[in-house]
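Q: So the protein sequences, as listed, match chains A and B.
Going by the working numbering, the first residue of the first sequence is number 1, and it counts up by one from there.
Going by the working numbering, the first residue of the second sequence is number 286, and it counts up by one from there.
No wet-lab data here; the hints were simulated from the structure.
Keep in mind that this is a model prediction, so the values were computed, not measured.
Using N, Cα and C, we set each Cβ at its ideal position, and we do this for glycine too.
Among the hints, erroneous ones may be present.
Partial pick of chain A residues on the chain B-facing surface, computed with a CB cut under 8 Å [stated by the list, open to error]:
(1) Pro75
(2) Phe78
(3) Phe140
(4) Trp149
(5) Ala155
(6) Glu159
(7) Met160
(8) Ala163
(9) Leu164
(10) Pro171
(11) Ala226
(12) Tyr227
(13) Leu229
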Amino acid sequence: MSIEPITGRYLTVTIEGAPRRIYFEEAGQGRPVICLHTAGADTRQWRHLMNDEEITASNRLIAFDMPWHGKSLPPEGFETQEYLLTTEAYIETVLAVIDGLALDRPVLAGCSMGGRIALQLAALHPHRFSGFIAIEASDFQPAWYDIDWFHRPDAHGGEMGAALVSANISPYAPVAERWNTLWMFMQSGPGVFRGDLSFYTRDDSLIPRLPTIDTGATPVHIIVGAYDLTCTPEDAERTARAIPGATLAVMDELGHFPMSEHPEGFRPFFVEALEKMPRTAAKAA
Amino acid sequence: MIDTFKQIQTRLEATPHLQRLGRLFSETVLIEIDGNEYYLSFEKGRIVSVVEGPSRKTPWRFALRTDAEALQKFWQLRPEPGFHDIFGLVKIGRGRIDGDILSLVKNLRFFKDVLGLARGKEELAA
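Modelling step: build the complete structure from the supplied sequences, incorporating the hints.
A: Dropping the structure here:
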């Protein structure tokens, strides 16, 4: 028998003028590190790092389920809404969680769409953070698939989404973690993955903002897996070149969900990234 | 190459969970390799025939067009990036998917796992 050190609670904040009940998990102590999940998934992607005693000895890892994801409910009235994530709502959500938890300049670590929004926040709200770890993150990706495939009444969007994103998982990933990673996509609510992908594949507003990021004030470290078909190493390299002072690490044996699909393979890259982030006098209330 | 597809057919017979996943899939799929045609006919999650073309008379639901070297790499236990998935082949310009893509996507796990039954057995394709 074992009990993990991860604890989960709920936080209610106002986003887009209405309350959102947000589920968050945390583990560790010291410097706060906000961890953002990918499209179509939830905080479980971060569970391996949150159970890593060496990392949590001096880092307070906090992951939350975006509204509509995991254990965070969609907003009241969702039954008549079309879920389409926007850059603005995503930024508002991340900042609301930071305010709600009274975090002082956390490190922001995000994967995929979480990495995209991390770079948006690096450009637009750098003073709220101490540094940015952008995983499988790039300036912009048009879809190489039809996002409407994942929300239709005659097929199971979760099963289709999982089958599609399996293309982004490395063959080096342990089988059990490959399937644990895919399970989250299988469980995703109807239309949620599509709504996330709408943000990820249609909003190119980050491109002109990249050169404005001041990595002297807030470092940006980008990590990318060679088996990622969605955000390829070439995409990440192009993005890193556009940000003066950004650093880049390429993981030869990992894919688009490194912290989830291959925790052991990802760990040294995440530790390296944390070491690049400044240790400010951050405190958590 | 026809031997590899027949081996996949045999292995599918011994893989009940894939037959269950494909129980609603009864279609013919064209695999075109360096211009050579292979028609895999599925019936309720089983491959009932593997026929080498060319054929102008065989209707198919969707097609995967690629080359032998790409498929050999795809079938390695740990393919290099891009060769590890049929959509990877498309993305790196070594494959094309035509026809009723939605039919493929609805049965994507089934089809990819069936094609992957030759994985790690690349010598079969020699």
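Q: Each hint: holds or not?
A: Okay, the hints, checked on the actual structure:
1. Pro75: 29 Å, violated
2. Phe78: 26 Å, violated
3. Phe140: Violated, because the Cβ-Cβ distance from Phe140 of chain A to chain B comes to roughly 16 Å (cut-off 8 Å).
4. Trp149: 5 Å, holds
5. Ala155: 5 Å, holds
6. Glu159: 7 Å, holds
7. Met160: With a closest approach of 6 Å, the Met160 of chain A hint holds.
8. Ala163: Constraint on Ala163 of chain A satisfied, holds at 4 Å.
9. Leu164: Interface hint status for Leu164 of chain A: holds (6 Å vs cutoff 8 Å).
10. Pro171: 4 Å, holds
11. Ala226: OK, holds: Ala226 of chain A within 8 Å of chain B, min 5 Å.
12. Tyr227: Holds. Min distance 5 Å.
13. Leu229: Holds - the Cβ of Leu229 of chain A comes within 8 Å of chain B, reaching about 5 Å at its closest.
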